[in-house]
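Q: The lines below spell out each chain.
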Amino acid sequence: MQWTVKGPAFIALGASAALVLAACSGGGAPSASTSAPGASSAAAPVAMTFWHNSTTGDGKKYWEDTVAAFQKEHPGVTITIQAIQNEDMDGKLQTALASSDGPTIFMARGGGKLADVVAADQVMDITDKIAPDVKTALGDGIFSAFTVDGKIYGMPSSVLPGGIYYSKDLFKQAGIDATPTTFEELSAAVTKLKAKNIAPIALGGKDAWPAAHWYYFFALRDCSQATLDKAAADKDFSDPCWLKAGEDLKAFTATEPFNKGYLTTSAQQGAGSSAGMIANHKAAMELMGAWDPGVIADLTPDKKALPDLGWFPFPAVSGGAGDPTAMMGGSDGFACAKNAPAECVDFLNFASSKANQEGYATAFKTLPANRDAKDVVTDPALKDVLASYDKAAYVELWLDTQYGQNVGNALNGGVVNMFAGKGTPADIVTAVKAAAAKG
Amino acid sequence: MSDSVTTLPQRSSRSGSGRGDAHKASPRSDRARADWRKRFEIAILSGPAIVMFLAFVIFPVFMAAYYGFFRWKGFGVPTNFIGFQNYVAIFNDPNFREALMHNGFILVMSLVMQGPAAVAFALLLNQNIRGRSLIRVLIFVPYVISEVIVGTGWGLMLQYTGAVNDMLTNMGLGAFAHDWIADPNIAIWTLMVIISWKYIGFAVILMLAGIQGIPEELYEAAAIDGASYWQIQRWITLPLLGPTIRVWAFLSIIGSLQLFDLVYIIWGQYVASTAGTSTMATYMVREGRLAGNYGFGNAVAVVIFVISLAIALTYQRLVLRRDTAGALTEAPGKKQN
Numbered sequence: 024m025q026w027t028v029k030g031p032a033f034i035a036l037g038a039s040a041a042l043v044l045a046a047c048s049g050g051g052a053p054s055a056s057t058s059a060p061g062a063s064s065a066a067a068p069v070a071m072t073f074w075h076n077s078t079t080g081d082g083k084k085y086w087e088d089t090v091a092a093f094q095k096e097h098p099g100v101t102i103t104i105q106a107i108q109n110e111d112m113d114g115k116l117q118t119a120l121a122s123s124d125g126p127t128i129f130m131a132r133g134g135g136k137l138a139d140v141v142a143a144d145q146v147m148d149i150t151d152k153i154a155p156d157v158k159t160a161l162g163d164g165i166f167s168a169f170t171v172d173g174k175i176y177g178m179p180s181s182v183l184p185g186g187i188y189y190s191k192d193l194f195k196q197a198g199i200d201a202t203p204t205t206f207e208e209l210s211a212a213v214t215k216l217k218a219k220n221i222a223p224i225a226l227g228g229k230d231a232w233p234a235a236h237w238y239y240f241f242a243l244r245d246c247s248q249a250t251l252d253k254a255a256a257d258k259d260f261s262d263p264c265w266l267k268a269g270e271d272l273k274a275f276t277a278t279e280p281f282n283k284g285y286l287t288t289s290a291q292q293g294a295g296s297s298a299g300m301i302a303n304h305k306a307a308m309e310l311m312g313a314w315d316p317g318v319i320a321d322l323t324p325d326k327k328a329l330p331d332l333g334w335f336p337f338p339a340v341s342g343g344a345g346d347p348t349a350m351m352g353g354s355d356g357f358a359c360a361k362n363a364p365a366e367c368v369d370f371l372n373f374a375s376s377k378a379n380q381e382g383y384a385t386a387f388k389t390l391p392a393n394r395d396a397k398d399v400v401t402d403p404a405l406k407d408v409l410a411s412y413d414k415a416a417y418v419e420l421w422l423d424t425q426y427g428q429n430v431g432n433a434l435n436g437g438v439v440n441m442f443a444g445k446g447t448p449a450d451i452v453t454a455v456k457a458a459a460a461k462g
Numbered sequence: 199m200s201d202s203v204t205t206l207p208q209r210s211s212r213s214g215s216g217r218g219d220a221h222k223a224s225p226r227s228d229r230a231r232a233d234w235r236k237r238f239e240i241a242i243l244s245g246p247a248i249v250m251f252l253a254f255v256i257f258p259v260f261m262a263a264y265y266g267f268f269r270w271k272g273f274g275v276p277t278n279f280i281g282f283q284n285y286v287a288i289f290n291d292p293n294f295r296e297a298l299m300h301n302g303f304i305l306v307m308s309l310v311m312q313g314p315a316a317v318a319f320a321l322l323l324n325q326n327i328r329g330r331s332l333i334r335v336l337i338f339v340p341y342v343i344s345e346v347i348v349g350t351g352w353g354l355m356l357q358y359t360g361a362v363n364d365m366l367t368n369m370g371l372g373a374f375a376h377d378w379i380a381d382p383n384i385a386i387w388t389l390m391v392i393i394s395w396k397y398i399g400f401a402v403i404l405m406l407a408g409i410q411g412i413p414e415e416l417y418e419a420a421a422i423d424g425a426s427y428w429q430i431q432r433w434i435t436l437p438l439l440g441p442t443i444r445v446w447a448f449l450s451i452i453g454s455l456q457l458f459d460l461v462y463i464i465w466g467q468y469v470a471s472t473a474g475t476s477t478m479a480t481y482m483v484r485e486g487r488l489a490g491n492y493g494f495g496n497a498v499a500v501v502i503f504v505i506s507l508a509i510a511l512t513y514q515r516l517v518l519r520r521d522t523a524g525a526l527t528e529a530p531g532k533k534q535n
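Quick mapping for you: the protein sequence lines, in order, are chains A and B.
Numbers 24 to 462, taken from my numbering, label the letters of the first sequence in order.
Numbers 199 to 535, taken from my numbering, label the letters of the second sequence in order.
Everything labelled a hint here was simulated from the structure, so no lab data went into it.
All figures in this text were calculated on a predicted structure; none of them were measured in a lab.
Take these hints with a grain of salt, some might be off.
To be verified - Now the in silico label distances, taken between C-beta atoms and shown as ranges: (1) B:Ala510 / A:Thr118: 28 to 38 Å; (2) B:Met261 / A:Thr103: 27 to 37 Å; (3) B:Met311 / A:Lys219: 40 to 50 Å; (4) B:Gln325 / A:Asp321: 45 to 55 Å; (5) A:Pro263 / B:Val255: 45 to 55 Å; (6) A:Pro403 / B:Glu345: 34 to 44 Å; (7) B:Asn290 / A:Lys258: 11 to 21 Å; (8) B:Ile505 / A:Pro68: 52 to 62 Å; (9) B:Asn290 / A:Asp321: 40 to 50 Å.
Even for Gly, the Cβ is constructed at its ideal location relative to N, Cα and C.
Please construct the entire structure, taking both the sequences and the accompanying hints into account.
A: Below you can see the structure in the form of structure tokens.
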């Protein structure tokens with residue numbers, strides 16, 4: 024009798040124990056696959072984890088090959104790769120770094136975001152650990168994106184300067200002979216394209232950042248380098264050039280150069296997106312970073328690179344204080360966790376070599392950070408970018424990356440509001456100031 | 199929850215004492231053992247659920263409240279304690295007040311638009327009409343489709359260059375073509391139409407179940423007394439459907455307060471605020487996650503929680519009380535007063 028009573032209790036005990044075990048193993052699984060960083064010595068086997076954002080295709084394969092080659096050169100080192108969807112990367116990284124079992128090597132985009140990680144003391148200072156030949160090959164300028172308080176925390180892998188991508192065929196069709204170098208010429212081109220019933224400029228306003236890029240580029244032309252850097256240092260946006268940039272953009276928007284319904288157009292998803300419109304010859308131009316040829320290639324009907332894609336720098340703005348050859352762009356890179364073994368930096372140096380950077384540029388259809396590797400760039404549009412990049416007086420980091428997420432978020436919102444006619448150029452500056460109260 | 203916890207011991211104690219009578223052991227010690235055993239059983243059976251609930255519901259709430267007092271970028275441990283500054287910033291932010299107004303509008307309009315329509319549909323589908331079960335399924339289908347798919351689909355159709363405007367233009371109604379999503383004058387109505395389309399199936403199913411729970415005898419009695427169809431619906435169906443309607447309204451209110459996915463997917467991260475469809479939840483994601491101000495975001499989460507809790511408790515006290523009072527313990531026959 025007693026057993027029959029106890030029976031259910033035991034079953035219940037077993038069941039709940041199983042539940043608890045299941046819950047524990049569910050939570051514990053990631054830590055089992057990652058190894059504790061910090062335990063390093065040359066002889067002992069070293070295990071590292073590596074997070075990047077190329078989940079498909081050539082990019083994924085490139086990292087697999089590079090890691091395999093590195094492991095061959097360094098017996099005893101194993102690197103576990105984890106490819107994470109780009110949109111999930113930041114959130115996962117944040118959680119993982121806060122726990123003790125974050126990745127050893129991880130993707131970093133520099134600027135204010137990296138500064139936050141540095142402030143939390145979660146990333147390694149690699150200033151003195153970068154191989155001298157790598158440093159020479161990459162050049163000093165490119166490291167500025169990964170420098171916080173004079174120390175370098177990341178190794179750049181690519182440069183992604185922005186400018187206007189355009190379809191040469193559509194330009195020819197509209198009778199535009201030369202790429203615009205000033206805004207007067209750009210407006211003339213817009214008029215000609217409209218006359219042929221071609222959407223002049225595609226804009227992914229739904230995602231907000233493509234719209235904000237227009238403001239950033241006007242600021243690049245209207246504000247001097249000193250003003251831009253001062254804003255990065257002390258978040259001071261009181262210089263009148265910030266207002267002028269908004270007013271210039273508003274004046275340009277008033278000529279209706281963008282595709283119809285651009286506020287509901289996304290940047291990269293599907294044929295109806297701004298990149299898709301370029302890929303399918305529905306629009307002639309798009310202001311974007313150097314990743315655009317790759318994105319457009321994915322959206323063409325045959326999934327191949329758009330043959331007539333060209334590029335020209337953001338046109339000069341009259342009365343602006345910025346250098347007309349100045350460029351703006353981003354830079355992808357990689358960083359080591361605070362307590363990573365020495366082999367982590369070895370890997371970063373290894374990946375920055377000429378041969379590996381050539382592979383990188385080919386796989387990602389982008390511009391390599393290593394200047395010796397740029398000969399593999401064959402895409403005509405990217406070659407144009409490279410030519411301007413070499414001549415640029417200075418290169419600014421994307422303003423949202425440079426000024427941090429908080430300011431970038433406020434700029435996104437302010438610019439979209441102005442595009443929709445809900446706000447004024449002055450409201451953009453006000454929004455940036457208000458953001459300071461939240462973070 | 200409380201129901202199962204309170205009835206379980208009663209049942210086992212009854213059987214336990216029965217066993218005690220059959221045995222010759224002293225009743226007291228036997229009862230004590232049965233007591234211990236049943237407590238053990240309760241603890242084991244409800245333990246995992248309680249642990250899960252505490253770990254994944256209660257604990258995060260307290261953590262959010264804690265983080266809300268810091269200026270925190272999400273990296274490492276928060277150190278910059280700023281007291282109530284985040285909360286001051288939230289209520290001083292016109293964007294948040296707008297989002298709150300939108301939530302209020304959605305809440306009221308959901309009740310006004312979906313309630314009567316759902317009752318009407320339920321009455322219709324309770325008739326013996328041809329293809330009734332097919333219509334029932336069709337009405338319920340939107341509710342089953344995931345929010346992401348609904349959002350993407352409507353978002354694509356309602357784009358300025360999307361299917362809806364193309365169709366209007368091709369039908370010669372080009373004058374009616376609008377920027378359905380981005381135009382601040384109509385965007386919130388677009389949202390209301392999509393919400394109604396999506397959630398009315400759920401309301402209809404609830405109402406149908408409620409109608410079918412009404413005893414047939416009442417209708418027969420009314421028919422014998424010579425009541426017309428409309429009189430029957432007005433004086434029998436509607437009053438007896440009351441509890442169902444009140445529960446549905448409660449679920450609808452909670453859903454309106456927490457609305458996030460449809461807006462976020464159709465309008466995107468920033469245009470929602472511009473077009474006037476932002477909600478407290480999209481505000482939280484934009485100012486917390488996208489801005490990287492995790493301390494501030496947590497404070498917004500706390501504000502949403504408190505607002506939702508206050509409304510839910512008020513509603514339960516003032517409206518739902520008559521449905522739940524005594525319903526759990528009294529015999530089923532007594533429920534109808």
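Q: A separate judgement is required for each hint: does it hold in the structure or not?
A: Checked hints:
| no. | hint | verdict |
| --- | --- | --- |
| 1 | B:Ala510 / A:Thr118: 28 to 38 Å | 30 Å, holds |
| 2 | B:Met261 / A:Thr103: 27 to 37 Å | 30 Å, holds |
| 3 | B:Met311 / A:Lys219: 40 to 50 Å | 45 Å, holds |
| 4 | B:Gln325 / A:Asp321: 45 to 55 Å | 52 Å, holds |
| 5 | A:Pro263 / B:Val255: 45 to 55 Å | 51 Å, holds |
| 6 | A:Pro403 / B:Glu345: 34 to 44 Å | 43 Å, holds |
| 7 | B:Asn290 / A:Lys258: 11 to 21 Å | 19 Å, holds |
| 8 | B:Ile505 / A:Pro68: 52 to 62 Å | 54 Å, holds |
| 9 | B:Asn290 / A:Asp321: 40 to 50 Å | 44 Å, holds |
The structure shown violates none of the earlier numbered hints.
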